[in-house]
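Number of protein chains: 2
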Amino acid sequence: MNAPHAPFATPPLPVALLDALRADFADRCSTALAVREQHGRDESVFDVPPPQAVVFATCEADVARVVALCAQHRVPVIPYGAGSSLEGHLLAVQGGISLDVSRMNAILRIDAEDLTVTVQPGVTRRQLNEALRHEGLFFPIDPGADASLGGMAATRASGTNAVRYGTMRENVLALRFVNANGDIVRSGSRARKSSAGYDLTRLLVGSEGTLGVITELTVKVHPLPEAVSAAVCSFPSIDAAVQTAMQVIQLGVPIARCELLDANAIKAVNAHDRLGLKEAPMLLMEFHGSEAGVAEQAAVVQDVAADHGGEAFEWATTPEARTRLWTARHHAYFSGLQMRPGCRAVTTDTCVPISRLAEIINASIADVEAAGLPYFIVGHVGDGNFHMAYLLDPALPGELATAEQLSAQMVARAIALEGTCTGEHGIGLHKQRFLVDETGEQAVAMMRAVKAAMDPLGIMNPGKIFSA
Amino acid sequence: MNAPHAPFATPPLPVALLDALRADFADRCSTALAVREQHGRDESVFDVPPPQAVVFATCEADVARVVALCAQHRVPVIPYGAGSSLEGHLLAVQGGISLDVSRMNAILRIDAEDLTVTVQPGVTRRQLNEALRHEGLFFPIDPGADASLGGMAATRASGTNAVRYGTMRENVLALRFVNANGDIVRSGSRARKSSAGYDLTRLLVGSEGTLGVITELTVKVHPLPEAVSAAVCSFPSIDAAVQTAMQVIQLGVPIARCELLDANAIKAVNAHDRLGLKEAPMLLMEFHGSEAGVAEQAAVVQDVAADHGGEAFEWATTPEARTRLWTARHHAYFSGLQMRPGCRAVTTDTCVPISRLAEIINASIADVEAAGLPYFIVGHVGDGNFHMAYLLDPALPGELATAEQLSAQMVARAIALEGTCTGEHGIGLHKQRFLVDETGEQAVAMMRAVKAAMDPLGIMNPGKIFSA
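Protein sequence lines, in the order shown, are assigned to chains A and B. Going by my numbering, the first sequence opens with residue 1, and the numbers climb by one from there. Going by my numbering, the second sequence opens with residue 1, and the numbers climb by one from there.
Check each hint, because a few of them may be wrong.
Same chains, same label: a pair holds when it works inside one copy or across any pair of copies.
[What the hints assert, rightly or not] Within a straight-line C-alpha distance of at most 25 Å, the following computed DMTMM-like cross-link-like pairs (lysine to aspartate or glutamate) qualify:
1. K220 / D239
2. K267 / D239
3. K220 / E170
4. K220 / E279
5. K220 / E418
6. K220 / E359
7. K278 / D19
Worth flagging that the hints you see were computed from the coordinates, not collected in a lab.
Extracted from the complex, chain A is given alone in its bound form:
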């Protein structure tokens, strides 16, 4: 396997391709450096040359046309939604065209009776929820960033509500996508279940742009709960917080969100949002249901928390108070960055069976404290998934190497504990050898066989998940 940072030989873009794109797309095809650079960078730390051109699609036919032209000229196509990837998915490691679908942002249908919506791939989760609110519905998947639904499907995203509502894996019912030949393919339907042939929908979900460009998604939505309440509770240790989460899940409490923030993360959000929270490990929880149901869930969780030394719950029952708490959670990443001005973050994403979660978090803290890097932790602990962010001074290149070594240790530990190297961010550029460690050569060989069968020219976001 090539190292992801090996120098790639990027041939110049064929003149005939650029001429054809300009003829078809006029000012929606750009080679301006600023536009290309904006499309050649994401939230990751990778630094590679930008794509050679950017095309802004406004419809499925545009996408099909770009892919067909790129296939004809053997040039890479890199789908671009909101640019919020964390694993280098958008980077033009082999050159090529960034295909920006952010203007394909129409909400096509809301079928409230069936609890489904159909959207273009550039629709973002906030935009969708804004439109759904008036229908008494919501789309639960919340990865933090205001990501596009196409990108969320491509990375199999999840986030804070997954413990109750599942991830993109469970919530995408149907797709339309353009395959590597430029053909338009439909998979799935609005029916909630089906046994009709291979699950192409689930194959595209998490394929990171390497099998096709998603042009339309039908996703499940949910009725807005009659009652919602949020609570925070501080614990004497991370163990105590994680044990609480685990017992709550085991008891079958349908908790909607169950987020861990470590003391460092609390310090950061206190500094950023003046929250005045106790600087100790904290669970931030949300309950959805009827008035009585929410109260009952909360009572069970309070009992369990008290057994583990949790302090009295602090409640947020009004929408404003809840928004304040969840804004803090959403700001945790950027608040954390501000704890070390000028820093960049390397963020881990392991996920393990919940019974092993305290073990991996504690071992990872011991490692990072021994190494002396600043860090903070946020976690979707109901799922066994957590993120440790290492805060690096870009002027000290040794810190990146240290962070990568810590991250590799954590992944090895997650795999030994029957977990995964990535709960929700994807493989991208930098976890390719971890994928092999996790699932084995045989499984990766089968993934490569699927890739070769569906993209024989290797033009769909090449170099991601595995090198060509």
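Keeping the supplied structure of chain A fixed, place chain B upon it in accordance with the hints.
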């Protein structure tokens, strides 16, 4: 595409293969006609020659050995679990070896803290639930038959609890399988979510034995609810029953089971189990939760049912009373067959968005009544899925043709209503052209490309999902 009933040229089994199988498996390799015939028939109406030999595997290495030998000799391998398929999955349409995994029936691990279990593929759902009961856990997926978990995964099965707990698609976390080369492949992990590469687990789930032989499954299990209650309610029409189910789902009531039986099905179960139920469309429902939560759910559903002319609920709160009702539901199929002694049934399996369910059921009833065939209906209406069983006299071959025509009309209608030709039974032998109608030539071409990449010799259950 070849018609599934076209005569297949089955070359005799190579002597070298049979010698090798006998050397390795001794009396676990059988060519006795009775054994072969038992493995060459399922619950479907298809009639083809039996497999040429049956091998009983007792471990993963056995499976790998059989597949490797069959690959060497280019002979089909047909995985066999409990034999309860309804779509001809087990039939040796191109000859070959039936690979019986029913003796691989060990429950390998119960990880109660993580709500996961790991089993061999021959474990049946009743066996698993028997073992889980002592742990306070249950496995929700209930297709009616006491199917094997390997077979349930291979057909993406679901059943009565899917409305709340999902199908095999949502509940399989990890697999081990033997691919067409005889290699052992691992996919997924015990982590509840992952973004690590292509979703081979979901690709195998629903692949009907055409991509590999499942040798181990890790599935989600759930805590036994604190309280369970079941209720039946009769309605003046199928419309009224379906509207009730739809509103209950829309209100976000986490109903655990929501089954429709039409008046014919009620007549059948009354005759078979002496239930004395009113012979009108009926919903059979189950609620899981806390004592208070179950009562609250039931109250909401009673209100909705009353709005649609539902009669007073008849409750079953004791385990014995619930078992009696659910036994009736599980017996519906066989009770129905007894309404026309000596008959065989052709069972449909369409699934549509729930808002279109009443429309397709009513139109299908009009069609079957015009055609004059006896029938009954059971449905997982919370999911939009229903089964109409046509009861055929085998002595009247015209009836099979009529049933097939009615079934084709129903499928065309389901597809027009944005649904699927199969909610939970699979494509098998007889729905291959419906798959093309439903998802289009482009998607089926991609499925075929995946098949060719993963099984280049075409030995894995050939002739199922699509013809070779």
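One pair to classify: K220 and E279, alpha carbons no more than 25 Å apart. Within, between, both, or neither?
Neither: 38 Å inside a copy, 35 Å across copies.
Quick one: K267 to D239, C-alpha cut-off 25 Å, is that within a copy, between copies, both, or neither?
within (19 Å within a copy, 57 Å between copies)
Given identical chains, is K220 near D239, meaning Cα to Cα at most 25 Å, within a copy, between copies, both, or neither?
Classified as between: cross-chain Cα gap 24 Å, same-chain 35 Å, threshold 25 Å.
Classify it for me, K220 with E170: is the Cα-Cα distance of at most 25 Å met within a copy, between copies, both or neither?
Answer is both: 9 Å inside a copy and 14 Å across each meet the 25 Å cutoff.
Up to 25 Å between alpha-carbons, please classify K220 paired with E418: within, between, both or neither.
Between copies only: 15 Å across chains, 30 Å inside a chain, cut-off 25 Å.
State whether the alpha carbon distance between K220 and E359 is at most 25 Å within one copy, between copies, both, or neither.
between (35 Å within a copy, 22 Å between copies)
Given identical chains, is K278 near D19, meaning Cα to Cα at most 25 Å, within a copy, between copies, both, or neither?
Cα proximity of K278 and D19: none, with 60 Å in one copy and 73 Å across.
When the structure is compared with the earlier hints, violations turn up for hints 4 and 7 and for no others.
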